[in-house]
Amino acid sequence: MSGTEETGAPAAGTAARTGPPGAAAGEAAPQPPKEHGAGDGRAGRRIRQVRELGILLALALLVAVTTLANPGFLSGQSVRDLLLGATLLTILAVGQSMVLITRNVDLSVGSVMGLSAFAVGVTFVSLPGLPTPIVMAIGVLVGTLCGVVNGVLVAAARVPALVVTLGTLYMFRGIDYWWAGGRQINAADMPDGFLGLARITLFGIPLPAVVALAVVLAAGWYLRNYRSGRELYAVGSEPAAARLVGIPVDRRVFAPFVINGSLAGLAGVLYAARFGTLDATVGTGLELEVVAAAVVGGVAIFGGSGTVYGAALGALLLSTIDAALPMLQVGSFWQQAVVGLLILVSIGLDRLLAVRAARRLRGGGSRGA
Amino acid sequence: MSRPVLELSGISKSFGAVQALNQVDLAVDPGEVVALLGDNGAGKSTLVKVIAGVNSGDSGDILWEGKRVEINRPADAQRLGIATIYQDLALCDNLDIVANLFLGVEKTAFGALDEVDMERRATELLDSLSVKMPSLRVPVASLSGGQRQIIAIARALLGEPKVVLLDEPTAALGVAQTAQVLDLIERLRDRGLGVILVSHNMADVRAVADRAAVLRLGRNAGDFGVEETSYEEIVAAITGASDNPVSRRASVTRTEEA
Ligand SMILES: Nc1ncnc2c1ncn2[C@@H]1O[C@H](COP(=O)(O)OP(=O)(O)OP(=O)(O)O)[C@@H](O)[C@H]1O
Ligand SMILES: [Mg+2]
Chain F
709 MSGTEETGAP AAGTAARTGP PGAAAGEAAP QPPKEHGAGD GRAGRRIRQV RELGILLALA
769 LLVAVTTLAN PGFLSGQSVR DLLLGATLLT ILAVGQSMVL ITRNVDLSVG SVMGLSAFAV
829 GVTFVSLPGL PTPIVMAIGV LVGTLCGVVN GVLVAAARVP ALVVTLGTLY MFRGIDYWWA
889 GGRQINAADM PDGFLGLARI TLFGIPLPAV VALAVVLAAG WYLRNYRSGR ELYAVGSEPA
949 AARLVGIPVD RRVFAPFVIN GSLAGLAGVL YAARFGTLDA TVGTGLELEV VAAAVVGGVA
1009 IFGGSGTVYG AALGALLLST IDAALPMLQV GSFWQQAVVG LLILVSIGLD RLLAVRAARR
1069 LRGGGSRGA
Chain P
9 MSRPVLELSG ISKSFGAVQA LNQVDLAVDP GEVVALLGDN GAGKSTLVKV IAGVNSGDSG
69 DILWEGKRVE INRPADAQRL GIATIYQDLA LCDNLDIVAN LFLGVEKTAF GALDEVDMER
129 RATELLDSLS VKMPSLRVPV ASLSGGQRQI IAIARALLGE PKVVLLDEPT AALGVAQTAQ
189 VLDLIERLRD RGLGVILVSH NMADVRAVAD RAAVLRLGRN AGDFGVEETS YEEIVAAITG
249 ASDNPVSRRA SVTRTEEA
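Chains as they are written, first to last, in the numbering used here: chain F, 709 to 1077; chain P, 9 to 266.
By construction, these hints were calculated from the structure, which means they are not laboratory data. Mixed in with the good hints there might be a few duds.
Residues from chain F that face chain P, not an exhaustive set, calculated with beta carbons under 10 Å [said to hold, decoys possible]: (1) 788; (2) 912; (3) 934; (4) 938; (5) 939; (6) 946; (7) 950; (8) 953; (9) 954; (10) 1010; (11) 1044; (12) 1045; (13) 1048.
Ideal placement from N, C-alpha and C gives every residue a C-beta, glycine not left out.
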């Protein structure tokens, strides 16, 4: 980040500036201690909140405009559909965020989800007697195993995540095709109890959406309140520094891949329950939408910052765009352009906020002199 | 004179064919600032890393409060009470000041991070060092170089060390920021810590150091009291000028080089 947040104090300190661009001019000389600005204390958090508020605002605006154009948009059924649609993306975005925070990326999630979904279908077909919860657990387990493969290759073999997961994207998809062999599994092959899961609601909210909410809250709580969660940010922010203070960097890189795999597996299970029609193409191309959701939600692609709450809001926003733009008679080309624009705007917004925060802080520091 | 808290004798270390350290001695007393000087490649950072346990020496003894100890890993050094601030800072830019201070030693309550306690301790620590920060909850990326260096030093103090190693702490800083860091180093001395300060900057050394130990090509090339030694004498030892009685006396074994 250094170099971009140069302050606007040109005259001060020019006499002996030997420091790197990140070092601010006009540093106050040693002075009697003062209170550490408690009033400014929430600045870091505020940046994040501004980001999350911005997404909520965009979301509200989009919903309002769409509802004006088409009042049916806010009907119970259409909201339920929207939430169901956002469920998978949200779960995947949470897992992806944890990987991104450690300065890695998992491009294989679409394939993992597809493989898990197909595994669920195949298990129902070939072992009809098996209880539904066990079949669902198998689906999650398939995802977890894929995550372990990714994690081992990245953390132990030290291959860059981009390369590893690009490879496993094709590998897992290849296994899926080989396994399916052109076969399709239909709703008729799966028990009604399983397919009914997507239709169960709690207080009017579809069960899968409740599951997604639980995933978001659990991951958010973990990242915010646990040492190992904090250490994920440290690893993504400055791997060398993390290693020097004794953080087990490889373990902290490995775990998010496994969690992300499990969540992709869970998404596969929910996909199977909701759509009931499974073939080898399930989840194709999803990975970029997942990364987009996380980035729009403020998770930096360079690691070390962002929250899963933001990523979940990003997923909700992208899903709402998908649902709303057709109702507004916007063509599918423009839908993609809008998503692209959103990514650019959100990254630009991040930079702007960071620069302004830095300027305000340093300005405050030199005024004390 | 008090007994040295840390004493190295005959430390050697080679990287393949490069003999980075050759029979180096060094001692630091409690409440003493020892400047470690030498040209580029003289072996200063290597010696710091040996003390910090990042590289272990090939041979030689390390005495800690008079007792022989082994330092094979960074954790060994930390357990003894040796804190190291590396040349390249090692802060996490995206984390705030409190998180950086407690990185790796976070305080928890019932398994969860105890932010309130950590913030209180951070405030206490920085106040005790007479350091003022604009805010404890901003990412350290937004701090100036001097402030970052101070955070790095403050973090090292959390473990209540007895010896602090600083590898070129002022290398990237402007005048005012350097003064802040030197101030802090003086406060460390006043607390009775032994400080080993690697520096290229003779002005810094004259400002805060009690003694100057010079390395040249991996060997001891003199040990001077800063008060009673002239600038020229120290520079001569660093560069290896031959007509220097102090350095000749300090390293009688190296007469063949002259
Ligand atoms: N890991 C390493 N592998 C091989 N050679 C090394 C390694 N570390 C240091 N050296 C060599 O050891 C010698 C001493 O290096 P060192 O980094 O200790 O010097 P220094 O006194 O800190 O110099 P500077 O003032 O430039 O920081 C140099 O010749 C260097 O090339
Ligand atoms: Mg060095």
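Results for each hint:
1. 788: For residue 788 of chain F, the interface hint is violated, since the closest Cβ of chain P sits about 35 Å away, which is over 10 Å.
2. 912: violated, 32 Å
3. 934: With a minimum Cβ separation of about 6 Å from chain P (threshold 10 Å), the hint on residue 934 of chain F holds.
4. 938: Result: holds, 6 Å to nearest chain P Cβ.
5. 939: Nearest chain P Cβ about 8 Å off; hint holds.
6. 946: holds, 5 Å
7. 950: Residue 950 of chain F check passes; min Cβ-Cβ to chain P is 7 Å, inside 10 Å.
8. 953: This interface hint holds because 3 Å falls under the 10 Å limit.
9. 954: With a closest approach of 5 Å, the residue 954 of chain F hint holds.
10. 1010: Hint on residue 1010 of chain F: holds, closest Cβ of chain P at ~9 Å, below 10 Å.
11. 1044: violated, 31 Å
12. 1045: Violated: closest Cβ of chain P sits about 31 Å from residue 1045 of chain F, beyond 10 Å.
13. 1048: Violated, about 26 Å.
Taken one by one, the earlier hints fail for this structure at numbers 1, 2, 11, 12, 13, listed in ascending order.
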